[in-house]
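Asks: Given the sequences, and given the hints that come with them, work out the whole structure.
The listed protein sequences derive, respectively, from chains Z and D. Numbers 539 to 689, taken from the numbering used here, label the letters of the first sequence in order. Numbers 1104 to 1632, taken from the numbering used here, label the letters of the second sequence in order.
Bear in mind the hints are in silico, worked out from the structure with no lab data behind them.
Some chain D residues near chain Z, calculated using beta-carbon distances under 8 Å:
{"id": "1", "residue": "Arg-1274"}
{"id": "2", "residue": "Thr-1275"}
{"id": "3", "residue": "Arg-1281"}
{"id": "4", "residue": "Asp-1282"}
{"id": "5", "residue": "Tyr-1283"}
{"id": "6", "residue": "Asp-1285"}
{"id": "7", "residue": "Leu-1286"}
{"id": "8", "residue": "Val-1291"}
A virtual CB, placed ideally from N, CA and C, is assigned to each residue, including glycine.
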Amino acid sequence: MNIDIQSHEESDRDAFRHTSTEAKRRRVLIVDDEPDLIRTVGLRLMNAGYDVLGAPDGIVATALAINESPDVILMDIGLPAGDGHAVTKRLNNNIRTMGIPVIYLTARTGRQDVEMAIENRAFAYLVKPCDPAELLEMVSQAVERPKRAYD
Amino acid sequence: MIGLSHESNLEPWQVPVALNRIVLAEDSASDARLLQEALADGGSTADVLVEQTLSGALLLIAKGDVDLLLLDLGLPDSNGLPTLRAALMHAPDVPVVVMTGADDERSAQQALKEGAQDYLVKGEYQGTVAGGKAVVRSLRYAIERHRFHRELREASHARELFVAAASHELRTPVTIIRDYADLLNDGVAGALPPLGKECVDGILRSSERLRGLVGDLLAVAKIECGALDIQIKRSDLVALLSQARQDFFHAFESKKQQLVLELDEHLPEILCDPNRVSQVVGNLLSNAHRFTPEGGTISIRARRQGDQVAVEVEDTGPGIAPGDSKRAFEPFVQLGRVSGPGSQGTGLGLYIAKQIVTMHAGALELESELGRGSRFTFTLPTAVHCPGLLALHAHLTARLRFTPRHVQATTAVIWFGVIETSASDPAHARTLLQRTARGAEVLFRLHDAAFLCDVDRRVAIVLQGDDASARAFVGRFAQRLPDLSAHLTYHVSLVVPTSPERGAVPPPANAFEPLWAVLPQSLEVKNEH
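Replies: As structure tokens, then:
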């Protein structure tokens, strides 16, 4: 099982998708500047039957979200090239991505960050290190959630 | 190449003290001349720039390259200790030596306490070479002492930043190690053979311990630089303790220890940050768990004690020798280690617990007897009092002109100087007052209040609390109050009396009258723009 993390330089997006034989697997985009975190969380999710995309920074995250339309996004806050709040706001304002639920997954616990996440209509705010069971539960809730009015 | 130039190789403390440019803030020409003569007598070749006003002197300093400020406290634009406070605030990098008359050595001594490096008494240094030399020596010493203090401050700040950054950076890899081990343990890579399982268990156990240690280090770093975030709210102690018992159930069962919970009926709500207090209880319980032998008993008790709630964690462990019980709360002190997997502590748990309890205005104490066990008791304030604050909040919000929006719109800055309101919950007081008037600053020291009122012409409300400690605090400053009021020309200093009987009578409405008398004026003046 491989998760490829796309970098700025590489342009062939298909190379960075984890390909799966099943047609209708749900896809999760993990945004984090720590490759090992994408890997561990990704393995956890794949083991639970999801396809996984990884983005190491804000720009790649935005591009993947728009082009790949993942079912859920796991968003870190401290990122190069646009922090998690900025990326989430941008995705909320984009017609192609506004319906994708965003789950914050971050080590930060400051009140400001939590308030910003609420303002950005985050689906959930999980603090690292996060209990795997809780993470899987949240992702599955996000995937199964009733469609938002503007979807 | 090293050591070519002698000069550049000197350590900071070897460089001779530079006394090249002095700003002398003095409005009397004759006093200024006398001092310049004394400096010349003492052999100083420093440039002396004489300024007659405080603002002029501060402007000169702002241009840079000034080694020392000689400050007369009585200047046309500022008088008394506020002169010094303004100088210290606006020119923190320049050592200040205060000049004072022979009849006012008391305020000179106060000036030393507030940050002046030294003082010169006018009339004591004129006319002799010895007097002049004493002055020059005093100034050099002032510069040196100022530099030394700054270095100490910087070093301690750098150390705090380092610990905070290091622990934060350590956290990520530790978490990742644990996550990978967790994945193996859960069979993501296939079922593990027995030995593989044992290895993974070892990784998990040690990374868990390391994670605890890193978390503790980060907490200590935050505590030491005052950055530990505490969010006080009304909390249910019973729920909190029951949760703690649940969290520790498996750990205690594994050592066949009994955990007994004895709670008074009708425990009042407490004012605390529930997450932090859970941490305190957790640290005490894990301590008790580690030191109590198999089959021992650990008891948690909670009872009301006046306006506080006391929580006890008692164990039947080996106890702590009387001489050691104070050291138990020092960081990295471990009194007696226990062997066995996962049984080492970090030596930080009790220290952190004590700091957190202290930040809640409570106390954590230890009673112990060798061979019989230990009992840790901590206290927390109950949520029923602080009527003064609540009443003030109600009064302020009841009057339309003091809604937050209005205060912002008129740009009038209302400053609340709160003398330790209810000593038990300063954070709560701060939140409440800031919500009442956005832009208000809440400080807890009277002389900070006096200073800001002087500098920024702000309005102060001095709110007297109703706790014993608050009364003691007010008592200590009471004698300074009239003295300070003399300087406070642009604000109301209002002492709101609150009832000594807790939770009883809020302050009478007319206690706020002096405030209404002044505030509307300042607001209306601004409104005309």
